[in-house]
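J.: Okay, here's what each chain looks like letter by letter:
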Amino acid sequence: MEGLKLKLDDLQRVAEHEVDFQRAYKYRINVCCSSGCVPFGALKVLKAFEDAVKEFGVDKECKVARTGCIGTCSVGPAVLIEPGDYLYQSVTPEKVREIVRDHIVLGLPVKDMLYKNQAYFQKQHRLVLRNAGKIDPSRIEDYISAGGYSALAKCLATMTSQGVIYEVRTSGLRGRGGAGFSTGQKWGLVARAQNFPKYIVANLDEGDPGVFANRTLAEADPHAIIEGMLIAAYAVGAQKGYIYIRSEYPLAIQTLQKAIAQAKAMSLLGDNILEMSFKFDLELRFGAGAFVAGEETAILASVEGQRAMPRPRPPYPANSGLWKKPTLIQNVETLANIPLIVQNGGLWFTKIGTSKCTGTKCFSLTGQINNPGLIEVPMGISLREVVFDIGGGVPDGRKFKAVLVGGPSGGCLPDTLLELPIDYDSLTKVGAIMGSGGIVVLDDQSCMVDTAKFFTEFCVDESCGKCTPCRAGLARIKEIFDGITQGTGKMDDIATLEKSGVFIRDASLCGLGQTAPNPVLTTLRYFKDEYLEHIVEKKCKAGKCFKNEKEA
Amino acid sequence: MTTTGKVRVATIWLSGCSGCHMSFLDQDERLIDLAQKIQLVYSPIADIKQFPENVDVTLIEGALANEEQLAMLKTARARSKILISLGDCAVTGNVTALRNAWHRSDQEVLERAYLDKSDLNPQRPDQVPKLLVKARPLHEAVKVDFFIPGCPPSADLINYVLTELLAGRTPNMEGRSKYG
Amino acid sequence: MSIGTVKLKIDGVEVTVPEGTMILKAAKDNGIIIPTLCSLEGLTAYGGCRICLVEISGSPKLFPACITSVSTGMAVTTNSEKLKEYRKMAVQMLLAERTHICSVCVADEHCELQDMANQLGVDHVMFERNWSRDEIDSTHDFLVIDRNRCILCTRCIRVCDQIEGVHTLDLKLRGKDSQVIMDLDEHWANSCSCTSCRKCAKVCPVGAIYIEGEPIGHTKRKDIAEFILTRRNRK
Amino acid sequence: MSEIDNRRLLLEKVLKEHNFQESALLEILHRAQEIYGYLDKDLLMDISGSLNIPPSHVYGVATFYSYFKLKKPGEHIVTGCLGTACYVKGVEQIMQAIEAEFDLKRGGSTPDGKLSLLVTRCIGACAMAPSIVVDDEVIGKATKGVVIAKIKSVLGGVKAET
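Chains as they are written, first to last, in my numbering: chain P, 237 to 788; chain U, 28 to 207; chain S, 236 to 470; chain W, 52 to 213.
Check the hints yourself; a few may be wrong.
Heads up, incomplete: computed chain S residues facing chain W, CB under 7 Å, no partners named [to be verified]:
id: 1; residue: His-402
id: 2; residue: Asp-405
id: 3; residue: Leu-406
id: 4; residue: Lys-407
id: 5; residue: Leu-408
id: 6; residue: Arg-409
id: 7; residue: Ile-416
id: 8; residue: Asp-418
id: 9; residue: Leu-419
id: 10; residue: Asp-420
Some chain S residues well away from chain W (every beta-carbon gap over 10 Å; in silico) [as the list claims (entries may be wrong)]:
id: 11; residue: Val-241
id: 12; residue: Lys-244
id: 13; residue: Ile-268
id: 14; residue: Gly-277
id: 15; residue: Met-309
id: 16; residue: Leu-318
id: 17; residue: Asp-396
id: 18; residue: Leu-404
id: 19; residue: Thr-430
id: 20; residue: His-453
Hints listed in this document are in silico derivations from the structure and should not be mistaken for laboratory results. Note that the coordinates shown come from a computational prediction; the quantities given were computed from them, not determined experimentally. We treat Cβ as the ideally placed atom computed from N, Cα and C, and that holds for glycine.
Generate the whole structure from the sequences, applying the supplied hints.
T.: Here it is, written out as structure tokens:
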């Protein structure tokens, strides 16, 4: 099929052909081979399945597929058997024969190996991750048969660029990279700019420690990102795009490279896409270990081959971005929503989530929690539902203490705020941020002062050094923390932390500096007693501080 | 204030060159006016052995460099209503704090000063109080109410701050201080 | 093509300036001086020091005056209590960042950071100071760099690139570890591209780059970039 | 043809692929590091000359990003993930154990050049925290014992089973 130059009507045919082809199989065994499951031996499990179906002579009715992430990363390797969506957990090559024999040959699912926590999936709403774990990301046909690229075809065949922007605006979609700017509005700005060429940059520089949603998306459904970019390009009039991806994600890079090559071969990228007069080229750009490069203006500097130092806005990238040309910068999660919005209409999208915050959001759920993994939930869901219903609460009978929302520059929220609905505005109000969707749960053995110090250290390391507050200020805050956690803290320190935190938040140049004090300010707000305990009593209940860190 | 109705003022000399005290004296004829309103109850320029109780204003020159000074500073703080850092050494550490950037132990600092760099009769000092790890500005150890920066601060600035305080006003340092 | 004008208010005073003017310049041309450190006329704006932050009514954010252009109807406040407080804070952070001891510095009394502290009434630093101890590079015949005094304003880098045109200087590393370097972080004497033009010493706001044996008041020339640009453009 | 010549030829191919464009500096540094293992000053000077970018700029970019190595790394590389999830799950203790066991500090190498210990801020394997990477192999839910045994087996040249 590769190498075929697709025309508009061909898509449908490819999809039907592929569906027929897949229907020939009675079972489909999806083995998750994403970065989360591979270290647990997923590739060996895949091989074992391929061998076992042959051994039992069921290879004609079983399709063994190498797929992306299903989301239950803590119990990998995960295997999903369709029909019926039977999810097996912690599968080992030794157990594969049993599964094939009982489930496929005898038709009796192996109950004690099934993933038990049904609530994990019940409260989720998988739009962006619609195909994750269900299609083979290395086969474009899989994506097409799942309805892929039909939204692009719809755009090219029946919609004007303004029409596309209208649907996106109607959908109320907001940027999933963290700031939550209206996507439709942004597209409108770039579309209006009369300066050519225009560019699109897809942000896959997921630098937040504790976050892996974008990586998972790229590994599981790369074409959703590409299709979203194509539609965006059509809408704003761009002909060149870059996906900026962390070099720490080798599998995602590989998957995307392959996907781009396939799309090019099928004339879904390049000149005359789908035989229409629409042209779009796509290149990957690799990050190199700089968190700040995820910032909107820093990513531009990085794509241009410079030090990733942000610059003040205005001028906004919509007017003056890459090489001073209009540039649309969008997180890949935002882009993956686009095909659905085009396909189903903007109004359909507003029915999901809340009225001000439509749609869903992916969260990486980690820390002291029973079911860590990647989830996608409708906006407006409460923190409690995420932490306890989906996440299964804190393990080992310990007590929940705090939840960190929004990555290293997010906020530490106490149990009194568990009923808070997750949306951009509610989170900002309590001092946290949506960020790129990191949720880290802390139990009663965590020290909040130590936690705030850890995040400050992260931001000190990752500050680009351009502006005074972030560079010089955060380093001072870190020193104050060193003092407090080593026993030389003073009462004045609390006021100094608060004053400089507010200053850094207000006066820093970019989002990194502006949000970096969040962990400090929120822990001061909700866990002041722990600071006092450290300063006055020189005690750390959690036993994390007052160790001689600086030996020699 | 005491029965004399005068404001009780003390001055202390820690690790500094005494230049700030010189500047204090450089207030010249204005000292006569000051003397109407203040009583000097402790100072290196007066022969008083003990730091008294109930001091209204204490001006301190010099950085905090050793344990004896730390004890002195704490006493002064406890017995004074208003504590003022006088001059850059007290405000920033200044020259005294140059050793901080050297990042060496107190013993090495002493050896460098008394043995390596000595031209005549190098000898290990045995009466120097134990040095603190770093020479520090005063406000890193105790609460300081006002700061008069400068190396040395001008007599005018010292006079301005004292006059304002005596009049019950808060001195405004904007555009007045001469840092460094 | 005619350039339009823009009417706006700065500190309550109505001013009219050409379109595209930066707030800093618009204020200066109308007698309102906004304090700055990294900005220098004749060089591109950097927006790093955050001293020139101003308020624009209707926005909760603060804007660097050096790099924010005017727009019609804008009402700018340059000197509110909050801004003064923030400027003091920025100066304190700079003073605490490396080793600044004015009394032993070549730039004493000719230092823009020191002036700024005095002007704003910074009478002490609330943070414990970080005593940096970087090697002083005095290998060059007469140019010296003491990075312990550097405030990373990048004026030297910009003048080297934009006016002298050789780009000997740049920054290495990032964040608090950032340093001004010559070529591949060579000693100055080994720099293959440096033309020894002294412009970096002339624009350095502090005592980080200076000329050995020359009184600093004689070296410093804040208008050098603009001066050269004007001369170049003279037909 | 000597090995060095080969590497230079490979680099030249990369430079040509990118048409000597200044904007491809990051890509070129990535590839150069793949080819040479690390970026020493001669190499950076070469790239600076080839792309006609000032040396200080190339050096500035190469040192800004923590992924680029300017010093020769050890034969085997262990990378500890210091991301949030791993930190919460106690990766710090494992790192300290490695430092103590093999007598090296993070960011450094053993004197014999056999082993380097690096840190990274999140490899995105948070659900199986704490994670340690030993020569490109991710060890999830790592413990002191497992990691140290793994490193020893790698150093001993024995192919370890995982």
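J.: For Leu-404(S), is the shortest CB-to-CB distance to chain W above 10 Å, so the non-interface label stands?
T.: Violated, since 6 Å does not exceed 10 Å.
J.: Can the hint on Asp-420(S) be confirmed by a CB-to-CB distance to chain W that is less than 7 Å?
T.: 6 Å, holds
J.: Using the nearest Cβ pair, does Ile-416(S) come within less than 7 Å of chain W?
T.: Holds: closest Cβ of chain W sits about 6 Å from Ile-416(S), inside 7 Å.
J.: Minimum Cβ distance from Leu-408(S) to chain W below 7 Å?
T.: 5 Å, holds
J.: Minimum C-beta separation from His-453(S) to chain W exceeding 10 Å: can you confirm that?
T.: Label holds. Min Cβ-Cβ 28 Å, cutoff 10 Å.
J.: Taking C-beta pairs only, is Val-241(S) more than 10 Å away from all of chain W?
T.: 34 Å, holds
J.: May I ask you to check that Ile-268(S) keeps its beta-carbon over 10 Å from the closest beta-carbon of chain W?
T.: 33 Å, holds
J.: Is the interface hint for Asp-405(S) satisfied, with its Cβ closer than 7 Å to some Cβ of chain W?
T.: 4 Å, holds
J.: With chain W as the partner, please determine if His-402(S) meets the hint condition of a C-beta pair closer than 7 Å.
T.: 4 Å, holds
J.: Say whether it holds or is violated: Lys-244(S) keeps its Cβ farther than 10 Å from all Cβ of chain W.
T.: 40 Å, holds
J.: Minimum Cβ separation between Met-309(S) and chain W greater than 10 Å?
T.: It holds; Met-309(S) is separated from chain W by about 35 Å at its closest Cβ, greater than 10 Å.
J.: Return the status of the interface hint for Asp-418(S): holds when the least beta-carbon distance to chain W is below 7 Å, violated otherwise.
T.: At about 4 Å, which falls below the 7 Å cut-off, the nearest Cβ of chain W leaves the hint on Asp-418(S) intact, so it holds.
Hints 17 and 18 from the earlier list are contradicted by this structure; the remaining hints agree with it.
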